[in-house]
Amino acid sequence: MNSGEGCSEEIPLPSSPRELTQNPLKKIWIPCKNGLPEKHIFQRKVCMTNCPTLIVTVGLPARGKTYISKKLTRYLNWIGVPTKEFNVGQYRRECVKIYKSFEFFSPDNEEGLKIRKQCASAALNDVRQYLTDEGGQVAVFDATNTTRERRDTITRFAEQNGFKVFFVESVCEDPAVINENIVQVKLGSPDYTHCNTDEAVEDFMKRIKCYENSYQTLDEVLDRDLSYIKIIDVGRRYLVNRVQDHIQSRIVYYLMNIHITPRSIYLCRHGESDMNVKGRIGGDSGLSLRGKDFARRLGQFIQKQDISDLKVWTSQMKRTIQTAEGLNVPYEQWKALNEIDAGVCEEMMYEEIQDHHPLEFALRDQDKYRYRYPKGESYEDLVQRLEPVIMELERQENVLVICHQAVMRCLLAYFLDKSAEELPYLKCPLHTVLKLTPVAYGCKVESIFLNVDAVNTHRDRPENVEVSRMAEEALYTVPAHQ
Amino acid sequence: MSHKQTKLTQNPLQKIWVPWMSSKLSRRRGSSVPQFTNSPTMIVMVGLPARGKTYISKKLTRYLNWIGVPTKVFNVGQYRRDAVRTYKNFEFFRPDNEEAMKIRKACARSALSDVGTYFMLEHGQAAVFDATNTTRERREIILSYAKDNGYKVFFIESICDDPEIIAENIKQVKLSSPDYIDCDKEEAVADFLKRIECYKVTYVPLDDDKDSHLSYIKIFNVGSRYLVNRVQDHIQSRIVYYLMNIHVTPRTIYLCRHGESELNLVGRIGGDSGLSPRGSQFAGALGKYIKSQSIPDLKVWTSHMKRTIQTAEALGVAYEQWKALNEIDAGVCEDLTYEEIQANYPEEFALRDQDKYRYRYPKGESYEDLVQRLEPVIMELERQENVLVVCHQAVMRCLLAYFLDKSAEELPYLKCPLHTVLKLTPVAYGCKVESVSLNIEAVNTHRDRPAVSACDRVAESS
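As they're listed, the protein sequences go chains C and Y. For the first sequence, position 9 matches number 9 in full-length UniProt numbering, and the numbering has no gaps at all. For the second sequence, position 357 matches number 357 in full-length UniProt numbering, and the numbering has no gaps at all.
Hints were generated in silico from the structure; no laboratory data involved. Just so you know, not all the hints are guaranteed correct.
[Claimed, not checked] With a straight-line cut-off of 30 Å between C-alpha atoms, the simulated DSS-like cross-links for lysine-lysine are: (1) K152(Y) x K292(C); (2) K152(Y) x K311(C); (3) K363(Y) x K27(C).
Assemble the whole structure, with the sequences as input and the hints as a guide.
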């Protein structure tokens, strides 16, 4: 049973409402019969579409299509929408092992055209498989798609398969931007491994020329029935046409908030807290002496970095605020940055959780991402809570975020494109600053330990996650504490 | 750089940690989400009459106030009505009517001056300047006023050439305007159409080349297309997102609470209990009521809490669970009765009555937090058409306050009794509310603001 836009299924009114049972992992109430859960009740995630969506990029080479494709895919996956990108250039590279020159892209190179068409078809085939058989919800079809003819082919393909289509066109004529683009991502491309810089740039410019003559931009009148966003000059202006549904609305909002101005994001946790020292989770305690020392060192570090117009964000918990106070710069408090709510396990040591809630402890190890503490939250909930923070981080430039272990893992997973399985086990030790700098299609990470000792709060997944395990097996990976 | 560690103290009402000595470092403005506005913003409408400018102005203002951005509408037509007591006919708006032009210019200036007062003296953060602003000259006046005062400017232009939409617009809001009180329908429509013609002569839309340095959004044909230029900051980005999600398709929103719960029966707050027998009865009655309404394509939303889900189960239709619709978290007071809260946490209880909107339960939430949590729900409600939301008392108060434009002071005391459905239908510039009691007895869970002041109560209890 699918719930979502355009679908409201009616089943006959039962004589009395169905019994409910609470799923022990996620603490979700679902109807059951004879104690067994009935059909899956739709949980509000973010994508309420019945039909999968095909996002199609449009634009000349070096207009940022792949940058947008990868970034958008990363964002959608992070918020829980299974998304995959299909880069037709990649298919071409696999087909034509060695790239000779721009001549391959010449409009009168019939051999070249044939191969390119085949590659596009192969990619569309994989799209169909991903969206229809593999549970994908969004596919990003990354290619130039500069002719109306090519776009019509894709639209027909989508219609035949019941996919919605949303075009993302990037238009830019600023030579400085295009040049920077070529330097950042084209020179390092497999196509130009054996060229020097000047040769590569010259060839690539000729490549762009091959597309220019046949380029048909999305037209206000001719394409008025299509759903699309046209991004002009890297976001100075946007044209948005016929947004059909929730996911397209979210995509438009995201695309309108990202920018490419160079900047750095600093992520760190609060200084070591009194609770940390005792091996207790959650709570709202203050900094230990070493934690205060870290706050001072952090202030010195920030000063030395000499960051222009740095914004500092904290949570609303005492330990992050105390840390920020040590910097002597203005900061903003976000409730959304508060640590994961451990519900009934707040302020407990792992040993106590094992003692009082062994079943919960085991379930958590089985699926740490989706596991929700009783009367608390899950990592999955955290991601939802943090989405506005990520959106604002995209809008901002230089930011230092002082937060907490689980929160930092979620933010880091967004920037480094980590899966839901990896996310809850990312290493985010105390007293260590992660400096993230966007570069090419990803993010460079620098880890800076500020030389103040602290307890280790990282608990690895133990080998035995069965409910039947012994206490020692559960506690094997608990880090040392007072 | 100071090496002294500043001590922190926790503000007892909102449970916010602030430095002991008032520090300039924490830029808190008393909300759970940073507001990200430094300069005040002037939102300037542009468009011919009957293009929905006032509709957008009022709706946007309502939304911004609800999310905590103090905003006010300045409708120049209102100033004109105050200046020229009686409206005769469209001739007033003729471009060659010098006398009228003088008056209209003066009204615009007067409104601008009031914008300044609102920002400087009344702590306003956004002002919506609602007028046609159809000439470049008029927009220049506004821009230089803003520049002189350090205000940001964001234009919203509504462009529509669909005669059906314009006719519907005139019917919905113009015929009942004070300008046409003594006219019959046909006279009014004819006059208004001539009025629009007066503006068309001098209308210069925002130009994508000449005005490329301005920040604006152009809305075409009630939202089928948008042009967005130079969004400067967070608030403009939020405004654009909001405008792109609203629509004018007629629809109905139904709000109700879960059926009476076991904890309701014993006067306890929060928790995650199931329905009482009367609550189950309500769920059945709700199902019958919904069926009788014959609502096309109704979406049903619940929270993650057992009592709303049990209620929805009785409807026999698909429903979606939203964690964001969960009841306010009462922290340490979860599962307690008000008597127990008074006995165990008398100061907390008093603080709550002092400022129920901003008061945060220890280890819990405030109404202010709730509003932030519910913003994505409101955004999706704006996108959707017919929806039934089965939720909780505090949550329903927040949603209702958004639809009925209730202030932060009124919000926590809105009456949302059990077993009553509120049917909201957008009409003209607002919302029609129908309260439908399904005639099943339930306890009353509404606690009014006590008459006795907090100080007296604390003294009494000590």
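Original post:
Are K152(Y) and K292(C) close enough, with their CA atoms no more than 30 Å apart?
Top reply: With Cα atoms ~40 Å apart, K152(Y) and K292(C) exceed 30 Å; violated.
**OP:** Would you check the hint for K152(Y) and K311(C), treating anything up to 30 Å between C-alpha atoms as holding?
**Re:** Since the Cα atoms of K152(Y) and K311(C) sit roughly 21 Å apart, the hinted pair holds (cutoff 30 Å).
Subject >> Given pair status - K27(C), K363(Y), alpha carbons within 30 Å >> reply: holds (20 Å)
When the structure is compared with the earlier hints, a violation turns up for hint 1 alone.
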